[in-house]
Amino acid sequence: MCLCAIVLSVAQTSPPPLPQLALDTYPAAAREAISRAHRDAAAQSTDADTVGALGRVLHAWEQWDGAHQAYARAQALAPRAFEWPYLDAIVLQRLARHAEAASRLREALAASPGYLPARVKLAESLLEADDLDAAQRAFEALAHEPAAEPAAAFGLGRIAAIRGRHDEAIAHLQRAVALFPEWGAAYYALARSYRALGRADEAVRALQRHQQYGPRWPGVEDPALAAVSALREDARASVQRGVKLAERGDLEGAIAAHEAALAREPSLAEAHANLVALYGRARNFEKAEAHYRAVVALGANLGTAHYDYGVLLGLQEKWDLAAEAYRRAIAVNPLNAEAYNNLGQILERQRQLEAAAETYRRAIDNQPTFRLARFNLGRMLLALGRPDTAIAELEKIVEPRDAEAPRYLFALATAHVRAGHREVGIKWASDARQLALEHGQDDLAAAIARDLASLK
Amino acid sequence: MNRVLVRLAPALIVVSVMPGRTGSGAAPEELFVERAAAAGLAFTHVNGAAGGYYLPEVMGAGVALFDFDNDGDLDLFLVQGGALDGSGPATSRLFRNDLTAADPRRPLRFTDVTARSGLGLRAYGMGAAVGDYDNDGYLDLFVTSFGPDTLYHNNGDGTFTDVTRQAGVSDASWSTSAAFVDYDRDGRLDLFVANYVDFTIAANQVCSDAVGARDYCGPRAYHPVPDRLYHNEGNGHFANATERAGVNKADGAGLGVAIGDYDGDGWIDLYVANDATPNQLWINKHDGTFADLGLLSGSAVNAQGNPEGSMGIASGDVDLDGDEDLFVTNIAGETSVLYINDGHASFDDARARWGVALPTAAFTGFGTDFFDYDNDGWPDLLVANGAVNVVEAQRGQPSPFRMRNQLFHNTGQRRFEEASAAGGAAFARAEIGRGAAFGDIDNDGDVDVVVTNNNGPVRLLVNQAGSRNHWLAVRVTQAPGNRFGVGALVGVERAGRPTLWRRVRTDGSYLSASDVRVHFGLGSSPLTDGVVVKWPDGPSERWTGIAGDKLVTLERGTGGKP
Numbered sequence: 001m002c003l004c005a006i007v008l009s010v011a012q013t014s015p016p017p018l019p020q021l022a023l024d025t026y027p028a029a030a031r032e033a034i035s036r037a038h039r040d041a042a043a044q045s046t047d048a049d050t051v052g053a054l055g056r057v058l059h060a061w062e063q064w065d066g067a068h069q070a071y072a073r074a075q076a077l078a079p080r081a082f083e084w085p086y087l088d089a090i091v092l093q094r095l096a097r098h099a100e101a102a103s104r105l106r107e108a109l110a111a112s113p114g115y116l117p118a119r120v121k122l123a124e125s126l127l128e129a130d131d132l133d134a135a136q137r138a139f140e141a142l143a144h145e146p147a148a149e150p151a152a153a154f155g156l157g158r159i160a161a162i163r164g165r166h167d168e169a170i171a172h173l174q175r176a177v178a179l180f181p182e183w184g185a186a187y188y189a190l191a192r193s194y195r196a197l198g199r200a201d202e203a204v205r206a207l208q209r210h211q212q213y214g215p216r217w218p219g220v221e222d223p224a225l226a227a228v229s230a231l232r233e234d235a236r237a238s239v240q241r242g243v244k245l246a247e248r249g250d251l252e253g254a255i256a257a258h259e260a261a262l263a264r265e266p267s268l269a270e271a272h273a274n275l276v277a278l279y280g281r282a283r284n285f286e287k288a289e290a291h292y293r294a295v296v297a298l299g300a301n302l303g304t305a306h307y308d309y310g311v312l313l314g315l316q317e318k319w320d321l322a323a324e325a326y327r328r329a330i331a332v333n334p335l336n337a338e339a340y341n342n343l344g345q346i347l348e349r350q351r352q353l354e355a356a357a358e359t360y361r362r363a364i365d366n367q368p369t370f371r372l373a374r375f376n377l378g379r380m381l382l383a384l385g386r387p388d389t390a391i392a393e394l395e396k397i398v399e400p401r402d403a404e405a406p407r408y409l410f411a412l413a414t415a416h417v418r419a420g421h422r423e424v425g426i427k428w429a430s431d432a433r434q435l436a437l438e439h440g441q442d443d444l445a446a447a448i449a450r451d452l453a454s455l456k
Numbered sequence: 001m002n003r004v005l006v007r008l009a010p011a012l013i014v015v016s017v018m019p020g021r022t023g024s025g026a027a028p029e030e031l032f033v034e035r036a037a038a039a040g041l042a043f044t045h046v047n048g049a050a051g052g053y054y055l056p057e058v059m060g061a062g063v064a065l066f067d068f069d070n071d072g073d074l075d076l077f078l079v080q081g082g083a084l085d086g087s088g089p090a091t092s093r094l095f096r097n098d099l100t101a102a103d104p105r106r107p108l109r110f111t112d113v114t115a116r117s118g119l120g121l122r123a124y125g126m127g128a129a130v131g132d133y134d135n136d137g138y139l140d141l142f143v144t145s146f147g148p149d150t151l152y153h154n155n156g157d158g159t160f161t162d163v164t165r166q167a168g169v170s171d172a173s174w175s176t177s178a179a180f181v182d183y184d185r186d187g188r189l190d191l192f193v194a195n196y197v198d199f200t201i202a203a204n205q206v207c208s209d210a211v212g213a214r215d216y217c218g219p220r221a222y223h224p225v226p227d228r229l230y231h232n233e234g235n236g237h238f239a240n241a242t243e244r245a246g247v248n249k250a251d252g253a254g255l256g257v258a259i260g261d262y263d264g265d266g267w268i269d270l271y272v273a274n275d276a277t278p279n280q281l282w283i284n285k286h287d288g289t290f291a292d293l294g295l296l297s298g299s300a301v302n303a304q305g306n307p308e309g310s311m312g313i314a315s316g317d318v319d320l321d322g323d324e325d326l327f328v329t330n331i332a333g334e335t336s337v338l339y340i341n342d343g344h345a346s347f348d349d350a351r352a353r354w355g356v357a358l359p360t361a362a363f364t365g366f367g368t369d370f371f372d373y374d375n376d377g378w379p380d381l382l383v384a385n386g387a388v389n390v391v392e393a394q395r396g397q398p399s400p401f402r403m404r405n406q407l408f409h410n411t412g413q414r415r416f417e418e419a420s421a422a423g424g425a426a427f428a429r430a431e432i433g434r435g436a437a438f439g440d441i442d443n444d445g446d447v448d449v450v451v452t453n454n455n456g457p458v459r460l461l462v463n464q465a466g467s468r469n470h471w472l473a474v475r476v477t478q479a480p481g482n483r484f485g486v487g488a489l490v491g492v493e494r495a496g497r498p499t500l501w502r503r504v505r506t507d508g509s510y511l512s513a514s515d516v517r518v519h520f521g522l523g524s525s526p527l528t529d530g531v532v533v534k535w536p537d538g539p540s541e542r543w544t545g546i547a548g549d550k551l552v553t554l555e556r557g558t559g560g561k562p
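Which chain is which? The protein sequence lines are A and B, in order.
Under the working numbering, the first residue of the first sequence is numbered 1, with each subsequent residue one higher.
Under the working numbering, the first residue of the second sequence is numbered 1, with each subsequent residue one higher.
No lab work stands behind these hints, which were simulated from the structure alone.
Please read these numbers as outputs of a predicted model, since none were measured by experiment.
Keep in mind that the hints are not guaranteed to be accurate.
Away from chain B, derived, C-beta distances all over 10 Å, residues of chain A [claimed, not checked]:
| no. | residue |
| --- | --- |
| 1 | Glu182 |
| 2 | Val228 |
| 3 | Ala269 |
| 4 | Arg327 |
| 5 | Gly385 |
| 6 | Arg386 |
Derived pair list, reagent style BS3-like, types lysine-lysine, alpha-carbon separation capped at 25 Å [to be verified]:
| no. | chain 1 | residue 1 | chain 2 | residue 2 |
| --- | --- | --- | --- | --- |
| 7 | A | Lys396 | B | Lys561 |
| 8 | A | Lys396 | B | Lys249 |
| 9 | B | Lys285 | B | Lys249 |
All C-beta atoms, glycine included, are put in the ideal place defined by N, C-alpha and C.
Chain A on its own, in the form it takes in the complex:
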């Protein structure tokens, strides 16, 4: 009996083992980074910082199970440290183990009660683990922290919605989008609550915003996590950084990150392919062309490369060459709707209107939701003197009434007038003008107004 108790006691206090890693199976860059950290951790396996450093490296390379194991050991070795349970919680969130993550976050906050990102993550984990009462208390406490207020409003809105209190949910969620106007997820939650209350029009408008903004999310600065991300200096991490910089509009930074990636790994097709587009946007056509040649030589990602090269040539107004590039993109992928659309625009420019119309139709066949291609087809049909057919196409793109819609409505108005439906045309033109004004498209609204005046 006594022996059993002792064994149990030892088992309870023994830190978890270091992760077992098949280091030989990793590519060179990862192997080098992970091996070094693993070797250090094995040599100093009771030193929390060294073991935690292994966790950080594995975390940076997205080896979630290994990172969790290393962090857990580090935490067992240094129970009062903040960063090991905190980083472990982030890994556990990534593994969708939210209740465990909440537990780790509580431990982290015991060590560092003021660390705001940990408080936000705790509230989020509690919500995902369906512990609504605790989540609500956590979010309510965060509502007084300016940096965390958007997260608090969103969380409280979600909790109210789950409890069926949609009026209350809407108030919280409206606050969330007021604080962070491009929060797609908050608009999605708003749409659901509007629908629950029968407010259909508002629901549809909120959904449009959700689709417009997608995954944009208000961040809370997190130095502990940033230190993990900074550990990656390999080519692929550079590409990822470059892509993020490009999304933020930092063209120079994006190009530099991609070039840094190629300096480490010259045959990284993804980097070459991205640089075709990035240099194209920077109007450095010579460099863009060089990277296009590199992608073709590598024989990878060809569909994207031919398409981007077509865009590049179009920017230089080399229309015949651009058309050829799009045809190559289509040969690689016959379902490439964008390539068909862009090829159609070149054919249109060359006054090959029938061919352009057919090409736009192929784009739509491949991607029926491609509104721009359908708009282009509608325009072509008008140019070819087929307003009735144009009306049939253009009627399909009048919804949603987003920023794209005014010109589609105006094209539909024109088609009706050409078809002899003057009054219907005037109505659509009026709608187009009103919508253009709502979207701040004053020039378009003025142009429509002039046409309306002449029609009347």
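Got chain A; can you put chain B on it based on the hints?
Chain B alone, transformed into the frame defined by chain A:
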């Protein structure tokens, strides 16, 4: 099996009595026993992978469970991959179930009848759908492929004829799951085909995993391809109704499809699971068109507004409140999701509350369905799991995509509990699970499961658990149209307990077709108050005097008023 004709006022019921196994002694140790090889199912899927990391290699393939020869037992069609260009010897296979209705004591045994049947499809197959599209009383077969799809007409004599060209259902897009459904109530089964992405071998993208090793790309490396809806014109020909019906108004990389009446208006809707793109809930507008209510319904994306992996679908009344709920399998790190319906197509993401989030967090799920494996009346759940990207712990090993399958027990308390350990060795083996089809293969009164593995052998999970409780299997028939009553809703009324509702359908799961008969677990009592059938075109009928532990065939026009 004895076939008896029983007349019960006011309705005529054709009852096929099958041997009940209730009260037959001690409970078996394992809920399921794997018997594919023992039953003669010699089939191994070949994915053709040769280092090119072509996306179709990790997606297939499926299975169809259907009684092609109308002899009263479920036969098996297994979809094969092979070489991606369609060359090579690998073919899909048809296995005839030799159980035979006449002698239920015979051991479960299948015979490969592919050659005689004409179903040796030589294509890079993906999935299968089953339905009697020409109303001749024999179930036909539609096979989706990476490449043109194929419609096989069941000739009723054990052979099939490729009628794809005449039927007009050839589509070169990469198709995945499909469903036969009479969406316009004209008595003819139409066909919905989920299409995936615009991958071509020439346009193959080079992708790598987190540590920089070459890996399969995700769907976001390509563009979604529009799904297809074919309207059955009644003359052996289908018309492409995709645009007319409006089901091309939303994009999605389609992998799973299920039919159900999710808004409770009596008309069949369609639910499509889209990989990394919002799922679609196509609500039937009663005029041959559909409107996508996915996002507003809450069944399209997660609570953060983000689309998930969405592969397989289970559709059914999981909480016995009379409406159809949805379970969708997702990729590891996302958790599978249970959407609880309020009866009006507004869904609550109940994955955490019902206990399915945490157990599925580490798994990439594909084939799935609700089925009452222990016949206690509550729909349980099986998930066939297998990764599409290298599993961290299996790095460097052959086939590093292996995962074990999972079994979940519905406690009846709005909660699922994982029962994989009780499920037996079949749930401990890690393979690359994909398709799953459900049906009582040995006609012993409980639901068995066929699971397909990517680049691996088929598994036949024979249920050992159902004998603990009573059950009722129902086959509905009508004439002249939609002979198997696909889309009908069957309800078993029980005194003092909620009515059990099951939809007659073969779709759902992933790339697979399940038994068209509906199965009810009745718990400790074989008695029912009545059986109600809501026919797909609206009217309802009710039968009384039906006790459990047998298969009953309910013919339209022989029931009373509900």
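Hints, one by one, checked against the model:
1. Glu182: Since the minimum Cβ distance to chain B is about 12 Å, Glu182(A) lies beyond 10 Å and the statement holds.
2. Val228: For Val228(A), whose nearest Cβ neighbour in chain B is about 13 Å away, the distance exceeds 10 Å, so it holds.
3. Ala269: Not fine: 5 Å to the nearest Cβ puts Ala269(A) too close to chain B.
4. Arg327: 13 Å, holds
5. Gly385: 24 Å, holds
6. Arg386: 18 Å, holds
7. Lys396(A) <-> Lys561(B): Given pair Lys396(A), Lys561(B) is violated - Cα atoms ~45 Å apart, limit 25 Å.
8. Lys396(A) <-> Lys249(B): 9 Å, holds
9. Lys285(B) <-> Lys249(B): 14 Å, holds
Violated hints, in rising order: 3 and 7; the structure is consistent with all others.
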